[in-house]
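Asker: If you read the protein sequences in the order shown, they are chains A and B. Once you know that position 7 of the first sequence is 7 in this note's numbering, the rest is easy, because the numbers rise by one and skip nothing. Add 1000 to a position in the second sequence, counting from 1, and you land on the number used in this note's numbering.
Okay, the calculated bits of chain B under chain A, using three or more residues with CB under 8 Å as the criterion:
#: 1; segment: 1123-1132
#: 2; segment: 1135-1142
Here are a few chain B residues that face chain A, going by a calculated C-beta distance under 10 Å:
#: 3; residue: Gly1067
#: 4; residue: Leu1111
#: 5; residue: Met1115
#: 6; residue: Lys1145
#: 7; residue: Lys1146
#: 8; residue: Asn1149
#: 9; residue: Glu1159
#: 10; residue: Ile1160
It should be emphasised that the hints constitute simulated quantities derived from the structure, not laboratory data. We put the beta carbon where it would ideally sit given N, CA and C, even for glycine.
Okay, here's what each chain looks like letter by letter:
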Amino acid sequence: MLILGCGNRDRGDDAAGVLVAERLWVLGLDAQICSGQALELIDAWNGTDDVIIVDAVMTGGPAGKVWLWEGEQLPLPETLSLSTHGFGVAEAIRLARALDRLPKRLRVFAIEGSRFELGSTLSPEVMCAVKEVVAHITKALETAVPF
Amino acid sequence: MTGRGTRTIRVDTLARVEGEGSLYIKLVGERVADVKLKIYEPPRLFEAFLRGRHFSEAADITARICGICPIAYQMSAVHAIERALGVRIDPMVRLLRRLFYCGEWIESHALHVYMLHAPDFLGYPDAIAMAADHRAVVERALRLKKIGNRIVQLLGGREIHPVSAAVGGFYKVPTQQQLNELVGDLEWALEASLETVRWTASLEFPNFEQDYEFVALRHPDEYPFNEGRLVSNRGLDIDAAEYEDHFVELHVKHSNALHSVVRGRGSYLVGPLARFNLNFDKLPDVARNVALEVGLRPPVRNLFRSIEVRAVELVFACAEALRVIREYEPPALPRAEVPNRTGVGQAITEAPRGILYHRYALDEKGLIVAARIVPPTSQNLHQIEDDLREYAARLVAWPLEEATWKCEQAVRSYDPCISCATHALRVVIERE
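All chains, please: the whole structure from these sequences, using the hints.
Answerer: This is the structure we're talking about:
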């Protein structure tokens, strides 16, 4: 399983995915930090069957809410894309689908953020959500491994 | 609203360009009354950030100006500072810098030709929609871009905002073996680039030729990257140190980017068309021959054919990368010793989108007391507006939706790099 944490650590809650990836990497999991650009993502998951993407979103929901998209729920609505480059996670999934390069299993954890200004800090709600997603992913792994 | 009075072509957010800008064209009857390429992305003040910093930081600070062409900023910065301090670089460092630039050109041109510009010619809103029908083409683009990324990562330490370029050389240089490992990929990329030229030649180009002043570097022996005199087809032939005597930046009310003009003449064109037209004889045979094969020979005055010229430059970049790898031997020292002292130095290098000018003035401690940066897109902005004035006049009889699409396509032909790409496109068309 590969975990790709997307975002920008200098833009407040946009750091959520990066922090999740860092914590999972420390725990010994195969986790990488990505800027979240579509081509980078497609490249990163090349050859991997089971991929988890973690990214911040802004849908208008309460800060810290965690969304999970999987399987038929993908691709994500374009409005969820937070990439400043305009060619982000949602586009990566659409493009990979067109090119038949989607991993067999792809899950997207999206953490609702509230502040994304350059130089701002992480909101406390998103900090809690980061811990929640880390716990969820590690727990899911425990059940997958029978010892 | 319909009628023959005032009509407005308006693109509030230009898509498939690097950065945030909008387009506004006002048509009154058969006349184009106003053209504004509005750059509303905020000013970024990099020249001020540099003041008080040591010269060794300039390459890394200015690389942050652009995620697509950071190497151009690094190269203009280190060359300008080396000129200010009288530093001579090892011939192998010079070669490696050419390879570094090849990587950036491959990344940038593959991205623009296939992912940003081709959808215009094939009638798709974006590359994702195009991928459904042209899968092999998009796969080729992704692999080409990745090969460019590999070069940048190897020489620069990472793919985006590389960290290895230094005044005097590199912080770390690759081994011959590491470069040799790129050969297989680059040989594939060369063939793929030749296919790219032939593929772009099959596209349909609007017939729109203008009498441009083309401005590019020209070097006696090679297609230009980091060195050469700045020349034009109207007699300009200057050293980088004379740049500010001949070019002026103007502030226009509707744009946060300055407009650059040739003093006494006006707008001018930089980028692939200018380089190709002024340096056709310096292209390696493989690139020149494929250009001739598809009917491209200088002067190419049709802006829309810049997609073909970018493809020819992809061929050049792959062939040049292979040449550098054949000739490379690791330098005795990765970088020259560089003293702290006062000096002023200017340099111009060829970013994928055209010439990038840097000037630095340094004090006795090597701190930057003044910096000036003129990026390629601000040099093209005045020309883009001039082009749109001419081009929109030919489209007055067209339905506004199609005219808007065509004008956007014209802007994208420049591959404008406003700073980082936008995606959402909202087109508002008004008729009175």
